[in-house]
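Asker: What follows is each chain in one-letter form.
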Amino acid sequence: MTESTVDVDARTVAQTMTRPRTALAETWRQMKRRWYCYLMLSGTFALLITFAYYPAFSAVYHSFTIWDGFRPETWVGLANYREIFTSDTIFRQAFVNMLLLSTWQVIRAGLFPLLGAALLYRIRSERWAYFFRLLFVLPIVVPGVVGIQVWRQLFEPNIGLFNALLKAFGAQPLGWLNDPKTALPSLMFMGFPWVDGVGLLIYLAGFLAIPIEVIEASIVDGASSWKRFFAMELPLIVPQIRLIVILNVIGAFQNFGWQLLVTRGGPMGATTVPAWEMYHQAIDSGRYGVASAIGTVLFILIFTMTLINNVSIRSNVEYQAH
Amino acid sequence: MASTSIPVKMKHSRYHLGRLLPPITLAILGFLTFVPLIMLLQLSVKSEQQMADSMWLPTWPMRFQNYDRASRIMLPYMINSLTFVVGTTTISIFFSVLSAYALGRYSFPGKEFLYMAILGLMMIPGILTLITRFVVVVKLSMNNSNWGIWLPMAAGSQAFQIIVLRTFFASLPEELFEAGRLDGAGEFHMLGMIAIPLAKPILTTLIVLQCNGVWNEFIWPIMVLRDPKRYPAILGILRLRELMLGVRDPGAEFAGYVIAGLPLLLLFAFSSRAFIRGLTSGAIKM
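Protein sequences appear in the order of chains A and B. For the first sequence, this note's numbering gives the first residue as 1, with consecutive numbering after it. For the second sequence, this note's numbering gives the first residue as 323, with consecutive numbering after it.
Honestly, I wouldn't trust all of these hints.
[Stated by the list, open to error] Which stretches of chain B does chain A cover? Using the computed rule of at least three CB atoms under 8 Å from a CB of chain A, they are:
(1) 386-394
(2) 438-452
(3) 496-506
(4) 538-549
(5) 554-566
[As the list claims (entries may be wrong)] Coverage of chain A stretches by chain B, computed from C-beta distances (three or more under 8 Å per stretch; other residues unrestricted):
(6) 54-68
(7) 71-83
(8) 102-110
(9) 174-187
(10) 209-217
(11) 247-257
(12) 295-309
I should point out that these hints are in silico values taken from the structure, not numbers from a laboratory. Note that CB positions come from ideal geometry on N, CA and C, so glycine has one too.
Produce the complete structure using the sequences and hints provided.
Answerer: Below, the structure written as structure tokens:
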């Protein structure tokens with residue numbers, strides 16, 4: 001009896017010894033056969049390891065340290081996060097501003113291009129539809145910095161267009177970006193009337209994908225244009241709305257162009273956002289640890305948003321399938 | 323009789339109003355959208371005196387010499403931008419085509435893991451790595467050089483490009499490659515002779531999208547380029563005032579803004595379809 005168990009043991013040991021060895025050898029053989037695949041991927045991964053994976057790990061790791069970016073860091077646990085969330089600093093203001101700006105970004109990017117696309121969808125003449133589409137798409141090619149510079153001129157308190165208009169109508173001129181009370185609303189006003197070309201094209205593609213029979217049927221039924229919009233078109237472009245919302249939330253969380261080029265977060269912190277504070281803490285104050293912690297917080301927020309979005313898309317698809 | 327004719331008439335007029343409402347609203351929205359651009363254009367052909375007289379209404383004569391002056395100052399910055407665009411796009415398309423081809427056409431050990439490692443990057447926002455990426459570039463002594471722009475920006479677009487191209491390469495029928503293999507073509511040869519020519523429309527879209535992205539990028543160049551002489555055009559316009567050496571000429575500054583945007587307008591004019599396809603394909607872009 002003991003002999004046979006030993007025998008079985010010996011056999012299984014032998015099996016487990018040889019099986020992985022042959023599997024390993026087989027893998028190795030296949031790797032040698034496809035050596036050029038690894039060669040093809042090597043450039044990409046050299047780039048990604050250096051400029052994506054390593055910086056990502058470095059940012060998360062250094063968020064727990066005091067670090068000037070170049071000399072060795074000191075581990076401080078959660079101190080940076082505590083500073084961001086509990087101390088009564090500029091960071092609270094930054095996150096409040098980010099919340100306001102991104103909420104508004106979602107509303108404006110969700111609503112106004114939708115209005116434009118719904119109207120465009122109702123233009124019967126092909127030539128006019130083309131003209132209007134071009135009209136809204138063309139401003140996409142204006143570089144962001146040029147847009148900021150031009151709007152800055154329009155906001156200018158002394159010679160700007162908006163104060164010239166206010167004076168012409170006998171109203172009090174405003175401080176716009178120079179006044180802590182109006183600075184953030186001014187940033188929100190930029191881009192008026194907010195019919196973003198990219199969003200409009202995404203919505204329009206959604207409208208054009210609606211089967212023509214569906215629309216015809218509703219016209220035969222005598223549904224008005226408004227009713228048709230709310231009862232048929234809107235429910236059918238929910239995927240486009242979702243896409244635009246998530247893209248704009250992610251974009252708004254990371255955007256700090258105005259702060260970098262014009263406001264520096266001021267006046268008196270009125271326009272500051274976490275992304276700008278991150279840049280400012282690292283580049284201007286050499287506090288790379290705090291900056292990494294802000295970056296990590298933004299990463300977690302964006303990651304959570306994306307996950308929620310993905311999960312809700314999946315459940316939506318399942319619902320449709322049933 | 324009267325009771326029936328009135329509703330018909332009302333319905334008739336509402337029908338007309340309903341047809342006119344969309345174009346009128348769109349025209350108003352379109353005009354308002356263009357107000358800043360119209361203002362930029364009229365400011366760019368004004369003298370300082372004309373601006374003092376009437377800042378926001380057009381004046382005559384138009385001073386087109388503003389563009390002369392601005393273009394002379396902008397030229398080196400435009401060349402910088404072109405260098406960044408061409409270098410970044412070449413490097414990134416070269417590597418993403420190779421990677422996408424390997425992942426799309428072959429099976430080899432570790433393929434799933436490597437593809438997931440690329441897909442996973444779509445979940446990492448640029449803001450997380452901005453600061454530490456800068457530290458890496460400084461440690462590699464790439465700051466203030468073209469490499470500091472080219473390599474990190476090429477790395478930043480790898481994931482999106484590879485995902486798009488891999489899907490395309492994987493969809494190509496195997497017979498195309500069987501024929502090539504029978505003719506004794508090597509794997510790299512088939513990529514160049516069969517796969518790339520077929521991928522031309524997708525490659526155009528990716529290239530146009532990346533040209534647009536690199537031309538417009540300003541945060542990364544501000545961080546990496548210490549010497550403002552190396553700035554791209556989009557940052558050069560912020561220095562126009564100091565570059566005019568004390569001679570105030572705000573009209574030429576505005577002309578400079580227009581000039582910095584012109585190459586993108588040209589790109590759009592020549593490839594509007596690819597341009598639009600690229601910008602609206604944001605579904606998997608972060």
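Asker: Can the stretch 174-187 of chain A be counted as covered by chain B under the rule of three residues or more with Cβ-Cβ separation shorter than 8 Å?
Answerer: violated (count 0)
Asker: With a cut-off of 8 Å between beta carbons, are at least three residues of the stretch 496-506 of chain B near chain A?
Answerer: Answer violated; 0 residues pass the 8 Å Cβ test.
Asker: Using C-beta distances, would you say chain B covers the stretch 54-68 of chain A, given that this needs three or more residues below 8 Å?
Answerer: Holds: 7 residues of the stretch 54-68 of chain A have a Cβ under 8 Å from chain B.
Asker: Under a C-beta cut-off of less than 8 Å, do 3 or more residues of the stretch 386-394 of chain B approach chain A closely enough to confirm the stated coverage?
Answerer: violated (count 0)
Asker: How about the stretch 554-566 of chain B: do at least three of its residues have a C-beta closer than 8 Å to a C-beta of chain A?
Answerer: n = 4 at 8 Å, threshold three: holds.
Asker: Apply the coverage criterion to the stretch 102-110 of chain A and chain B: a residue qualifies when its Cβ sits closer than 8 Å to a Cβ of the chain, and three qualifying residues are needed.
Answerer: The restraint on the stretch 102-110 of chain A is violated, since only 0 of its residues have a Cβ under 8 Å from chain B and three are required.
Asker: Are at least 3 residues of the stretch 538-549 of chain B within less than 8 Å of chain A when you compare beta carbons?
Answerer: holds (count 5)
Asker: Examine the stretch 438-452 of chain B: at least three residues should have C-beta closer than 8 Å to a C-beta of chain A.
Answerer: Three-residue rule met by the stretch 438-452 of chain B, so holds; n is 11.
Asker: Just to make sure I understand the rule, a stretch counts as covered if three or more of its residues have a C-beta closer than 8 Å to a C-beta of the chain. Does the stretch 71-83 of chain A meet that for chain B?
Answerer: Coverage by chain B is violated here, the residue count being 0 at a Cβ distance below 8 Å.
Asker: Within the stretch 295-309 of chain A, is the number of residues with a Cβ closer than 8 Å to a Cβ of chain B three or more?
Answerer: Satisfied; 7 residues make the cut.
Asker: Using a Cβ cutoff of 8 Å, are there at least 3 residues of the stretch 209-217 of chain A near chain B, or does the coverage claim fail?
Answerer: violated (count 0)
Asker: Take the stretch 247-257 of chain A, compare each residue's beta carbon with every beta carbon of chain B, and decide whether three or more fall closer than 8 Å.
Answerer: holds (count 6)
Hints 1, 3, 7, 8, 9, 10 from the list above are not met by this structure, while the remaining hints are.
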